[in-house]
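Asker: Note that my numbering numbers the sequence shown so that position 56 is 57, with each residue one more than the last.
These aren't lab readings, by the way, just hints derived from the structure by calculation. Honestly, I wouldn't trust all of these hints.
[Claimed, not checked] Here are the simulated DSS-like cross-link-like pairs (lysine-lysine), alpha carbons at most 25 Å apart as the crow flies:
{"#": "1", "residue 1": "Lys55", "residue 2": "Lys109"}
{"#": "2", "residue 1": "Lys421", "residue 2": "Lys365"}
{"#": "3", "residue 1": "Lys296", "residue 2": "Lys274"}
{"#": "4", "residue 1": "Lys428", "residue 2": "Lys89"}
{"#": "5", "residue 1": "Lys91", "residue 2": "Lys334"}
{"#": "6", "residue 1": "Lys428", "residue 2": "Lys92"}
{"#": "7", "residue 1": "Lys334", "residue 2": "Lys6"}
{"#": "8", "residue 1": "Lys91", "residue 2": "Lys64"}
{"#": "9", "residue 1": "Lys55", "residue 2": "Lys91"}
{"#": "10", "residue 1": "Lys296", "residue 2": "Lys189"}
{"#": "11", "residue 1": "Lys92", "residue 2": "Lys334"}
{"#": "12", "residue 1": "Lys109", "residue 2": "Lys92"}
{"#": "13", "residue 1": "Lys189", "residue 2": "Lys130"}
{"#": "14", "residue 1": "Lys428", "residue 2": "Lys6"}
{"#": "15", "residue 1": "Lys6", "residue 2": "Lys421"}
{"#": "16", "residue 1": "Lys89", "residue 2": "Lys109"}
{"#": "17", "residue 1": "Lys130", "residue 2": "Lys91"}
{"#": "18", "residue 1": "Lys334", "residue 2": "Lys347"}
{"#": "19", "residue 1": "Lys130", "residue 2": "Lys109"}
{"#": "20", "residue 1": "Lys14", "residue 2": "Lys291"}
{"#": "21", "residue 1": "Lys360", "residue 2": "Lys267"}
{"#": "22", "residue 1": "Lys365", "residue 2": "Lys347"}
{"#": "23", "residue 1": "Lys206", "residue 2": "Lys108"}
{"#": "24", "residue 1": "Lys206", "residue 2": "Lys179"}
{"#": "25", "residue 1": "Lys267", "residue 2": "Lys296"}
{"#": "26", "residue 1": "Lys91", "residue 2": "Lys428"}
{"#": "27", "residue 1": "Lys109", "residue 2": "Lys179"}
{"#": "28", "residue 1": "Lys291", "residue 2": "Lys274"}
{"#": "29", "residue 1": "Lys347", "residue 2": "Lys289"}
{"#": "30", "residue 1": "Lys267", "residue 2": "Lys347"}
[Said to hold, decoys possible] Cβ-Cβ distance ranges computed for the label pairs, FRET-style:
{"#": "31", "residue 1": "Lys206", "residue 2": "Pro358", "range": "51 to 59 Å"}
{"#": "32", "residue 1": "Asn345", "residue 2": "Gly386", "range": "12 to 20 Å"}
{"#": "33", "residue 1": "Asn408", "residue 2": "Lys208", "range": "41 to 49 Å"}
{"#": "34", "residue 1": "Val323", "residue 2": "Asp47", "range": "35 to 43 Å"}
{"#": "35", "residue 1": "Gln281", "residue 2": "Asp47", "range": "18 to 26 Å"}
{"#": "36", "residue 1": "Asp151", "residue 2": "Leu114", "range": "18 to 26 Å"}
{"#": "37", "residue 1": "Lys91", "residue 2": "Thr319", "range": "42 to 50 Å"}
{"#": "38", "residue 1": "Gly350", "residue 2": "Leu114", "range": "23 to 31 Å"}
{"#": "39", "residue 1": "Val162", "residue 2": "Glu425", "range": "39 to 47 Å"}
By construction, the Cβ of each residue, glycine as well, lies at the ideal position given by its N, Cα and C atoms.
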Amino acid sequence: MEKLKIAGGYPLKGTVRISGAKNSAVALIPATILAESPVTIEGLPDISDVEILKDLLEEIGGKVELSDDFDMTVDPSTMISMPLPNGKVKKLRASYYLMGAMLGRFKKAVIGLPGGCHLGPRPIDQHIKGFEALGAQVTNEQGAIYLRADELRGARIYLDVVSVGATINIMLAAVRAKGRTIIENAAKEPEIIDVATLLTNMGAKIKGAGTDVIRIDGVDSLHGCRHTIIPDRIEAGTYMILGAAVGEGVLIDNVIPQHLESLIAKLREMGVKIETGDDQVFVSSSDKLKPVDIKTLVYPGFPTDLQQPFTTLLTRATGSSVVTDTIYGARFKHIDELRRMNANIKVEGRSAIISGPLKLQGAKVKASDLRAGAALVIAGLLAEGITEVTGLEHIDRGYSHLVEKLNGLGATVWREALSKDEVEQLKNT
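Sequences are here, hints too, so could you generate the full structure?
Answerer: What follows is the structure in structure tokens.
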């Protein structure tokens, strides 16, 4: 086990290149199960979730090659419907996409209940509602979801809550069903369009991805193709926030600025200088930042995944800011850690009230989830002295080559192995 050490107080400048989208990758890789010939996905991020999914596809008989550039070729022709009850499935939230993909191809699946970050209740009831509408029987037996169907038939499915996971999972199950499926109140995230683009290139008939009504006409079979993943808007947003916090001119390369309009608007409201190009964003901080209020919403609103890093930035603003998370009310585990670093933040229900400006102090802190980790890294870069961040297994799920990218911008960040005493202490907290 390792910890991340950060020497704070260094201004960042230079160019950082954004990796492929984690939230696309975890759906694109399971989607390859639906094809009957090899599929290549170019530009995947070098993160642990991708490695775990590669192993899971190999467990069910797929042949998977992953190049040094993280281009993945999957030959699904030899796959079989093997149960995946536990083990690796528990390590990532998005293992639930294996349900839709395996149901779509094999008409049956056994998948252990998914893991990932603990962000309060994140039920998969809307996924199950969709599978049942398509004709599947779904049962929960001993911590695993069993799915079976004699055949899948198109259906009209209204999602009670806007859910990216349910929208994609129903799409995966429906592309080879008989007849037309209509998903109403569908999520509109860019990652949904990315998955629909891959499926369409494989021969699926999908209309309306990116709107709140998606229509899918089932086809008998899907074939292989080549697909390039979209850039990671959350990684890009994290580096934009970082540039706003400690940047003297940070150029973010390989980004789609339209995917981040809500963040760009809020940063400009704070007084951060931002210039956008076709696939680049330039961010430069300001000596004095204004407080702002943010409320997380489904896309195209402010992303819940950027709420925690943004909270760290608000410690620099002069005055009081309020952050409200309408998506995951329990997403405030980073606040106690920021308080250790001298932040003045109080939590009231689903809102955090941040008073600033305050100079953060280096401390020993622990990342409880992926985006909390990003928030603490930004805090370490802002702070005086050395900050030690543990819980790196969370950060490694979503940020590829973090140390190299930060040091490339002029930060002083390094990894160190944890001592036996430190490992014991962590186990006891």
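Asker: Now look at each hint and say whether the structure bears it out.
Answerer: Structure-based check of each hint:
1. Lys55 with Lys109: holds, 20 Å
2. Lys421 with Lys365: Status holds; Cα separation ~16 Å.
3. Lys296 with Lys274: Judged against 25 Å, a Cα distance of about 22 Å means the pair holds.
4. Lys428 with Lys89: holds, 21 Å
5. Lys91 with Lys334: With a Cα-Cα distance of about 21 Å, the restraint between lysine 91 and lysine 334 holds, given a limit of 25 Å.
6. Lys428 with Lys92: Roughly 18 Å separates the two Cα atoms, so the pair holds.
7. Lys334 with Lys6: With a Cα-Cα distance of about 20 Å, the restraint between lysine 334 and lysine 6 holds, given a limit of 25 Å.
8. Lys91 with Lys64: holds, 22 Å
9. Lys55 with Lys91: holds, 14 Å
10. Lys296 with Lys189: It holds: about 18 Å lies between the C-alpha atoms, which stays within 25 Å.
11. Lys92 with Lys334: Holds, at about 20 Å.
12. Lys109 with Lys92: holds, 22 Å
13. Lys189 with Lys130: holds, 19 Å
14. Lys428 with Lys6: Within the cut-off at roughly 20 Å; holds.
15. Lys6 with Lys421: holds, 17 Å
16. Lys89 with Lys109: Measuring from Cα to Cα gives roughly 19 Å; hence the hint holds.
17. Lys130 with Lys91: holds, 22 Å
18. Lys334 with Lys347: It holds: about 12 Å lies between the C-alpha atoms, which stays within 25 Å.
19. Lys130 with Lys109: holds, 16 Å
20. Lys14 with Lys291: holds, 22 Å
21. Lys360 with Lys267: holds, 22 Å
22. Lys365 with Lys347: This hinted pair holds, its Cα atoms lying about 20 Å apart.
23. Lys206 with Lys108: Distance ~19 Å between lysine 206 and lysine 108 Cα, so the pair holds.
24. Lys206 with Lys179: Answer holds: lysine 206 to lysine 179 is near 12 Å, not above 25 Å.
25. Lys267 with Lys296: holds, 11 Å
26. Lys91 with Lys428: holds, 19 Å
27. Lys109 with Lys179: holds, 16 Å
28. Lys291 with Lys274: holds, 13 Å
29. Lys347 with Lys289: Cα-Cα ~22 Å, so holds.
30. Lys267 with Lys347: holds, 21 Å
31. Lys206 with Pro358: 51 to 59 Å: Roughly 54 Å apart at Cβ, these two residues keep to the hinted range, so it holds.
32. Asn345 with Gly386: 12 to 20 Å: Cβ of asparagine 345 to Cβ of glycine 386: about 18 Å, so the range 12 to 20 Å holds.
33. Asn408 with Lys208: 41 to 49 Å: Check passed, 45 Å falls within 41 to 49 Å.
34. Val323 with Asp47: 35 to 43 Å: With Cβ atoms ~36 Å apart, the hint holds.
35. Gln281 with Asp47: 18 to 26 Å: Given about 21 Å between the Cβ atoms, the range holds.
36. Asp151 with Leu114: 18 to 26 Å: holds, 25 Å
37. Lys91 with Thr319: 42 to 50 Å: holds, 45 Å
38. Gly350 with Leu114: 23 to 31 Å: Cβ of glycine 350 to Cβ of leucine 114: about 28 Å, so the range 23 to 31 Å holds.
39. Val162 with Glu425: 39 to 47 Å: The hinted range 39 to 47 Å holds for valine 162 and glutamate 425, with Cβ atoms some 41 Å apart.
Going down the numbered hints, you'll see the structure goes against none, and every one checks out.
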